[in-house]
Amino acid sequence: MTIFRHMRCEFMLFIVGVYLCLTPGCEKMPSANEGTSAVSFVVQDASAFMQTLYGSKSVRGAVVTLRSVNYGKEHTALTDTGGVAKFTGIPSDIYSISVIRYLSVAEVQQVTSVGMERKLAGAMGSLVLRADQSAEGIPVTVDLVPVSDIIISEMYNTGPTGAGLYFHDRFMELYNVSDSVQYLDGIVVANVRKSFITADYIHTQQIWKFPGSGKNYPIRPHEFKLLAEDAIDHRVNAPTSIDLSKADFEFVVTRSGDVDNPDVTNMIMIYQPFGFDWTPAGEGDAYVLCRVPNTDSLKYEADDLLVPKSTVFEGIEYLKDPTRLDLKKLDPKIDAGATGGALFYTGYAFERKLRLTESGWTLQDNNNSSLDFEKITPPAPGYHHLKP
Amino acid sequence: MVLAISASVRAQEFVEQTNGMKVVRQSADAMNIYGSGGNPAWLFFSQEESALRVHLSTRSSTGGYHRPFEPGYENSYEYCVEGARELAGRHAVKGQFGFQQELRGDWRWMSTKSYDNGSPFLLADSTVGATSYSGIVLSGIYSVLLSDGFVAGAQLNYGVNNGLKEVSPKPTSTNRDLSTILGVAYILDKTSVIGLMFKYADRQEEIVYQVDQGAISQQTILYKFRGIDSYLRVTNNTETRRSQFRSYRGIVNIAMNVEENTAIVADGGGGVETISLTDGGTSPISQGYWQNSIGEIHLRAQRSWNDLIIAAAVEYLMSNQWARHPMYDVTLMKRSDRHASFGIGSRFSLAESWKLAGEYLYTQETDRLDDFISVLTSDARRTLHEISAGAEWDVAKETALSLYYSFGLGSGTKPSIAIPSPTQMYVTLRSREFDYFRARTLSNGINAGVRFNGGFLGRVACTARVGLLSVDNTAVFKGTDRRVADFSVNFLF
Numbered sequence: 030m031t032i033f034r035h036m037r038c039e040f041m042l043f044i045v046g047v048y049l050c051l052t053p054g055c056e057k058m059p060s061a062n063e064g065t066s067a068v069s070f071v072v073q074d075a076s077a078f079m080q081t082l083y084g085s086k087s088v089r090g091a092v093v094t095l096r097s098v099n100y101g102k103e104h105t106a107l108t109d110t111g112g113v114a115k116f117t118g119i120p121s122d123i124y125s126i127s128v129i130r131y132l133s134v135a136e137v138q139q140v141t142s143v144g145m146e147r148k149l150a151g152a153m154g155s156l157v158l159r160a161d162q163s164a165e166g167i168p169v170t171v172d173l174v175p176v177s178d179i180i181i182s183e184m185y186n187t188g189p190t191g192a193g194l195y196f197h198d199r200f201m202e203l204y205n206v207s208d209s210v211q212y213l214d215g216i217v218v219a220n221v222r223k224s225f226i227t228a229d230y231i232h233t234q235q236i237w238k239f240p241g242s243g244k245n246y247p248i249r250p251h252e253f254k255l256l257a258e259d260a261i262d263h264r265v266n267a268p269t270s271i272d273l274s275k276a277d278f279e280f281v282v283t284r285s286g287d288v289d290n291p292d293v294t295n296m297i298m299i300y301q302p303f304g305f306d307w308t309p310a311g312e313g314d315a316y317v318l319c320r321v322p323n324t325d326s327l328k329y330e331a332d333d334l335l336v337p338k339s340t341v342f343e344g345i346e347y348l349k350d351p352t353r354l355d356l357k358k359l360d361p362k363i364d365a366g367a368t369g370g371a372l373f374y375t376g377y378a379f380e381r382k383l384r385l386t387e388s389g390w391t392l393q394d395n396n397n398s399s400l401d402f403e404k405i406t407p408p409a410p411g412y413h414h415l416k417p
Numbered sequence: 009m010v011l012a013i014s015a016s017v018r019a020q021e022f023v024e025q026t027n028g029m030k031v032v033r034q035s036a037d038a039m040n041i042y043g044s045g046g047n048p049a050w051l052f053f054s055q056e057e058s059a060l061r062v063h064l065s066t067r068s069s070t071g072g073y074h075r076p077f078e079p080g081y082e083n084s085y086e087y088c089v090e091g092a093r094e095l096a097g098r099h100a101v102k103g104q105f106g107f108q109q110e111l112r113g114d115w116r117w118m119s120t121k122s123y124d125n126g127s128p129f130l131l132a133d134s135t136v137g138a139t140s141y142s143g144i145v146l147s148g149i150y151s152v153l154l155s156d157g158f159v160a161g162a163q164l165n166y167g168v169n170n171g172l173k174e175v176s177p178k179p180t181s182t183n184r185d186l187s188t189i190l191g192v193a194y195i196l197d198k199t200s201v202i203g204l205m206f207k208y209a210d211r212q213e214e215i216v217y218q219v220d221q222g223a224i225s226q227q228t229i230l231y232k233f234r235g236i237d238s239y240l241r242v243t244n245n246t247e248t249r250r251s252q253f254r255s256y257r258g259i260v261n262i263a264m265n266v267e268e269n270t271a272i273v274a275d276g277g278g279g280v281e282t283i284s285l286t287d288g289g290t291s292p293i294s295q296g297y298w299q300n301s302i303g304e305i306h307l308r309a310q311r312s313w314n315d316l317i318i319a320a321a322v323e324y325l326m327s328n329q330w331a332r333h334p335m336y337d338v339t340l341m342k343r344s345d346r347h348a349s350f351g352i353g354s355r356f357s358l359a360e361s362w363k364l365a366g367e368y369l370y371t372q373e374t375d376r377l378d379d380f381i382s383v384l385t386s387d388a389r390r391t392l393h394e395i396s397a398g399a400e401w402d403v404a405k406e407t408a409l410s411l412y413y414s415f416g417l418g419s420g421t422k423p424s425i426a427i428p429s430p431t432q433m434y435v436t437l438r439s440r441e442f443d444y445f446r447a448r449t450l451s452n453g454i455n456a457g458v459r460f461n462g463g464f465l466g467r468v469a470c471t472a473r474v475g476l477l478s479v480d481n482t483a484v485f486k487g488t489d490r491r492v493a494d495f496s497v498n499f500l501f
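For the record, the sequence lines run as chains A and B.
Under the working numbering, the first residue of the first sequence is numbered 30, with each subsequent residue one higher.
Under the working numbering, the first residue of the second sequence is numbered 9, with each subsequent residue one higher.
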């Protein structure tokens, strides 16, 4: 009996020790399963269009697109007559939300008597959707967006591979998405140095504009125009680079002896206090296109020139880490997301995706760089890489 | 010596056989709680005669029949020295020092070494190539007779190895494995022994991606998996992943002699395994949490007469896993695996120097998966029938030859898959994984062995095994196979 008592005591201590050691290793399984939460959005129109057309601010037939920041996948749904779009099976993540409702010519004409296509657009730059929290009836407001017949179709700023620190082959490419001739005269190209969501102005230290007095520089329907930092054949200096000698426009900083191709029209520098060339950042930056009636009337704040946001009709933002939408500096009303994820000297460009419409191919424009752009290499200056 | 490994239950690539048999064991410790259950406390009563053993072995496998993240070919080498000694009539010690090398070739994407333990959180890059691992293993066992019939023991295993992928971006990995077993055993009476064990394992892995020369001409693309068909695509040139695996298990051992020539040994228990991961060097960010609850039962019975031994073995393993999202309190997947096997075998002496043996082993595995990211539920079953037969010839006093043949037939049901709504996540990798488990396979193997007295080399035992696993019917793997070759030599002193 003594042996059994001895054994029982030591065995009990051993079992208690096992239990105490096992307990800290366990966690409780979460009660919520991934992708089971119901997510829905209610889209309402801030303009008068839907009210006039259908007697309600609810936007029917709008395409609501959720883009998962980490997974890179897109989910789309159409709103019903109540303006509600429902999603199921959505993985928990941070999402960029974009809403687009194209107004047909007939609809616009019914409201404004002008026969043209317009669009209502809205966005939410960064929204966490998670399975353990319900997300139903999230309100999204859309508004009439300015007609942006000219859009930024590509930006290349990273520099070529295998050429050390060479980066002078940067460019911006524009595209006319409309079916009518547009004019680049006087359009402003400005870098976004910092921007506040509620502020009325873009702060910039690099602001240029197209020359011309009104109709000197046309851009035909579905035509590309190339704006080069240096309009030369860069392959001479860097074999993996590109030929920009046939660019349409060139950024020339005259005070610094910058490269100046005499066969290429120069952009007009309004304000750039620093640098020896037009210098968009390689890994993260933002640019806007504006129609400013009088650039001489723009005001300064410290070293920044202030450009009214009301004059902006197009924008793009790219980030070193495109999932970090919390680091955006461009108002989501102009660009709801951000493209990016390309490092210096990797030869990557950001090009707008193609979209197939009833009338053929065009470039995608959801006012959301997360959705609209993709990373390509090599760059495609003056053309789309899928349609050379 | 083996380090503590997870009880991850999967359909087997090729069932490993030692000395040709798995049910009728030849080891002197086969029917005690040390040889069968691994309880270190029973080392003191171990029946092994050798005090010193030098072991060399090599294993290679190659072929097109493999899971998506398995290497196309693998070669491994192990060299170790092991010694055992009894001290002062109450203590027993055993130690092992070894060196291991492993080469995984034609390996698609994967950087995580233990990619098949069930955790969905894996790190990979877009390149396919070979990765080599090399390192050392140390093991020590101590057993002490505390009082009449009461023994206690402990075992400590330690291993560290470094891995290097041979193609750019050439990630490196450092794996450190530490495990310990504490055991006690009590002789209830002359015919029964009961033991208890507690096992703890701690495994750390660090994978590092740095900028290398290949970054001049190619972009590093990392895949951070959260399940086989769900991954984050990241274009970082640098990354550091640290994963921490822990395992806790409690096991009860029983050994008894029911009658004079009938022995039964059994062990059973359960535990939990966890993995937590972070990415980022100086600012680590959680990449997920995985937990696995395991239970196991092993039972072996053996009855012997003068010239005949009949043995039976039953095994049941269960595993319930789940994984949690790195950022939100959300379950990403759940998985339940069951493995049950039953075997029966016999060995009898045909003449003074001849022995014949044969056995049959039946295995069934079920796998139920809920992958919530992919919105997918699957239920699959696989069965395996194996027959082995062979002969041993005692040529001379300390010289013996053995030759065994094994045949296996495996088949799996097409998993019933429920995808409630169209998903963007269900892609080819998952489909290939399903095809792997439901493929009908035929295996043929030859195992040959020789034992002799090598004089100053001690007693020498060599074993060679070759096996061929061929696939019968699935569209993906039809016509492919998997070939395995093992060779080992032991010098016992």
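Hints may be right or wrong, so weigh each one.
EDC-like cross-link-like pairs, simulated, lysine to aspartate or glutamate; straight-line CA separation at most 20 Å [unchecked claim]:
id: 1; chain 1: A; residue 1: K57; chain 2: B; residue 2: D378
id: 2; chain 1: B; residue 1: K342; chain 2: A; residue 2: E56
id: 3; chain 1: A; residue 1: K148; chain 2: A; residue 2: E165
id: 4; chain 1: A; residue 1: K382; chain 2: A; residue 2: E252
id: 5; chain 1: A; residue 1: K57; chain 2: B; residue 2: D337
id: 6; chain 1: B; residue 1: K342; chain 2: A; residue 2: E252
id: 7; chain 1: B; residue 1: K207; chain 2: A; residue 2: E56
id: 8; chain 1: A; residue 1: K148; chain 2: A; residue 2: D208
Derived coverage of chain A by chain B (criterion: at least 3 residues anywhere in the stretch with Cβ under 8 Å from a Cβ of chain B; other residues may be distant) [claimed, not checked]:
id: 9; segment: 62-70
id: 10; segment: 97-103
id: 11; segment: 118-129
id: 12; segment: 157-164
id: 13; segment: 371-378
Some chain A residues close to chain B (C-beta under 7 Å, calculated; not the full set) [claimed, not checked]:
id: 14; residue: A228
id: 15; residue: Y230
id: 16; residue: I299
Calculated from the structure, these hints are not laboratory results.
What you are looking at is a predicted structure, and each value in this text was computed from that prediction instead of being measured.
Yeah, the Cβ is synthetic: ideal placement off N, Cα and C, and Gly gets one too.
For each hint, the structure was consulted:
1. Between K57 of chain A and D378 of chain B the alpha-carbon distance is near 17 Å, which keeps this suggested pair within the 20 Å criterion.
2. A threshold of 20 Å between alpha carbons decides the hint, and for K342 of chain B with E56 of chain A the separation of about 14 Å falls inside it, so the pair holds.
3. Proximity of K148 of chain A to E165 of chain A is assessed by CA-CA distance (about 25 Å); at most 20 Å being required, the pair is judged violated.
4. Distance hint between K382 of chain A and E252 of chain A is fulfilled; the C-alpha atoms sit about 15 Å from each other, no more than 20 Å.
5. With a C-alpha separation of about 10 Å, the suggested pair K57 of chain A and D337 of chain B falls inside the 20 Å cut-off, and the hint holds.
6. Taken as a hint, the K342 of chain B and E252 of chain A pair is broken in the structure, with Cα atoms around 53 Å apart against an allowance of 20 Å.
7. Only pairs whose Cα atoms come within 20 Å are accepted, and K207 of chain B paired with E56 of chain A is accepted, the gap being roughly 19 Å.
8. Between the alpha carbons of K148 of chain A and D208 of chain A the distance comes to roughly 16 Å, so the proposed pair stays at or under 20 Å and holds.
9. Coverage of the segment 62-70 of chain A by chain B holds. Counting CB-CB distances below 8 Å, 4 residues qualify, and the rule asks for three or more.
10. Judged by the Cβ-Cβ criterion of 8 Å, the segment 97-103 of chain A is covered by chain B as claimed, because 4 of its residues qualify and three suffice.
11. Given as covered by chain B, the segment 118-129 of chain A passes the check, having 3 residues with a CB less than 8 Å from a CB of that chain where 3 are the minimum.
12. With 3 residues carrying a beta carbon less than 8 Å from a beta carbon of chain B, the segment 157-164 of chain A meets the three-residue requirement, and the given coverage holds.
13. Coverage of a stretch by a chain is defined here by at least three residues with a beta carbon nearer than 8 Å to that chain's beta carbons; for the segment 371-378 of chain A and chain B the count is 4, and the condition holds.
14. Interface restraint check: A228 of chain A against chain B, minimum CB-CB distance 30 Å, threshold 7 Å, status violated.
15. Taking 7 Å as the C-beta contact cut-off toward chain B, the hint placing Y230 of chain A at the interface is violated, the least distance being around 34 Å.
16. A distance limit of 7 Å between C-beta atoms decides the matter here; for I299 of chain A the minimum to chain B is near 35 Å, and the interface restraint is violated.
The structure is inconsistent with the numbered hints 3, 6, 14, 15 and 16, although it conforms to all the rest.
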